[in-house]
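Enquirer: Please build the complex by placing chain U on the supplied structure of chain F, with the hints as guidance.
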Amino acid sequence: MKTAERTTHPHAVASREEWLKARTALLAREKELTRQRDELSRQQRALPWVRIDKEYVFDAPEGKVTLADLFDGRSQLFIKHFMHAPGQPGQCVGCSLEVDHVEGILTHLQNHDVTYVAVARAPIEEIEAVRRRMGWKFRWVSSYRSDFNHDFHVSFTPEEIAAGRAFFNFEYQHPGLEDRSGDSVFFKDESGQIFHTYSTYGRGGEEFLGIYRILDLMPKGRDENGPYHTLADWVRPRNLYGQGGMVEVTGRYHTSGCACGAHQDTAR
Amino acid sequence: MTKHKTGTREEWLSARLGLLKEEKELTRRGDELARRRQELPWVRVDRDYRFETDKGSAALADLFRGRSQLLVYHFMFGPDYKAGCATCTTIADGFNGFAVHLANHDVMLWAVSRAPLAKLQAYQRRMGWAFPWASSFGGDFNFDFNVSITEGQQREGGVEYNYQRGGHALDATAVPEPVAQNAAMAGTDAASYTRERPGMSAFALEDGVVYHTYSTYARGLDGLWGMYQWLDRAPKGRNETGVWWRRRDEYEGEKA
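As given, the protein sequences belong to chains F and U, one line each in that order. In terms of the numbering used here, the first sequence has 85 at position 85, counting the first letter as 1, and numbering is strictly consecutive. In terms of the numbering used here, the second sequence has 173 at position 173, counting the first letter as 1, and numbering is strictly consecutive.
Hints listed in this document are in silico derivations from the structure and should not be mistaken for laboratory results. Check each hint, because a few of them may be wrong.
As the list claims (entries may be wrong) - If you only want the chain F side, here are some residues facing chain U, beta carbon under 8 Å, derived:
(1) Leu26
(2) Thr34
(3) Ser41
(4) Glu207
As the list claims (entries may be wrong) - A few chain U residues that don't get close to chain F, going by computed Cβ distances all over 10 Å:
(5) Pro41
(6) Thr53
(7) Lys55
(8) Gly139
(9) Glu156
(10) Ala169
(11) Ala172
(12) Tyr214
For each residue, glycine too, the CB sits at the ideal point set by N, CA and C.
Isolated chain F (complex conformation) (with noise of 0.2 Å):
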């Protein structure tokens, strides 16, 4: 058996008999992994529920709709918390990303009992006009006269913001923005009560961006080298890459045109 050799680049070369060895000791580990994250759903969705007492309205394109509304016939809604401030001038690159996960299985999904619907605080003229853009097709509304961002811990006020102290990915902290992502479910019993069943932040999101399963599977990984060490480095509208512009550490995608104040503060 030949030993591993290096060539000119940095990776260890070995032959197809010590790759398989120290794939297959990888594949148990692997296994465990599967495991241990079929036993997190199950703890997920063991989780007591909470009803929802409040009345929530919704601005939809079609006007005004409640949170009972959105389930659409189903009995769980899965909402996407999308960033989008009112008078944003740049879309999240993160929130985008995620969403073009759900486009092609939206169908699926509604399929089999579960309705997909993003919520921003921005106006829906504004959000609609993003939507149009990106020429998406899943639901997307205004939560911009609601307390829904609020509550489920996604917006903060202004007195947050100036306290640097807010109840974001269940700990204080300080908040940062005005609006950060997350992802609820909610579900519909058949009396038409309503319940909160799950949130999560931060990298608790990224159980929906199924593009980092498979980065983390590549050669090169993630592959995230600054200047934020996130998505934001490489993550442009889907149709915007290769067209200039900047991204702000927050996310924002700004076009290369675009001559608002962000640009100054960041060094791309």
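Expert: Here is chain U on its own, set in the frame of chain F:
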């Protein structure tokens, strides 16, 4: 009324915080595994594999299209199938949406199947997908990467799939219901259906040399199957007793 345990916001939060710790642990373990994957040695690919593509005959190195990393989804579409595997189809519905992001991050994603190119092209048009799809018809590529087996191997048994011999549902002599259902949806019999296997393989291109870096099969593909990430967090979970998914245009009430 629901039979599920309900609680106050405080009770939920206390349970949620306990779970958060475990979720973070899982995230870190996933990071650690990703590091270990990148440490796997690479294996130089010396065989000259040929593929048929939209742009004509291509070598494995051509599939990189200027990138240094290649991801192959081994899509189950055998020469005898009338349509692509319905399960692979739902997986492809997921990655079709983000393949453009990969292509702009030095990763070229392809589907490769053994059916002749014309069949793949017709099916791709039907599903409206944009990712590139190559045919390995007549070559050893699928066999070498353990995603196709010959009739002889099937007869003799002891086929290697997912790094073990035999033992997978696709090898069972009594055909399990989901396998029978998938075979019927592909318009073929169970034996022909199971001569193809799902998987994904990663390759690197350096100084003109292609290296095989990684392959995964079976539930190793869970991460590619975007649908399950959402379902796992829905109150009812995966909520399945068998194959419930159909092609997007085959659900009742959906337009083709």
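Enquirer: Each of the hints needs a verdict: does it hold here or not?
Expert: Taking the hints in turn, this is what the structure says about them:
1. Leu26: holds (6 Å)
2. Thr34: Status holds, d = 5 Å.
3. Ser41: With Cβ-Cβ at 4 Å, under 8 Å, it holds.
4. Glu207: holds (5 Å)
5. Pro41: violated (3 Å)
6. Thr53: holds (21 Å)
7. Lys55: holds (21 Å)
8. Gly139: holds (18 Å)
9. Glu156: holds (21 Å)
10. Ala169: holds (16 Å)
11. Ala172: Since the minimum Cβ distance to chain F is about 20 Å, Ala172/U lies beyond 10 Å and the statement holds.
12. Tyr214: Violated: least Cβ distance 5 Å, not greater than 10 Å.
The structure fails hints 5, 12 (numbered hints given earlier, in ascending order).
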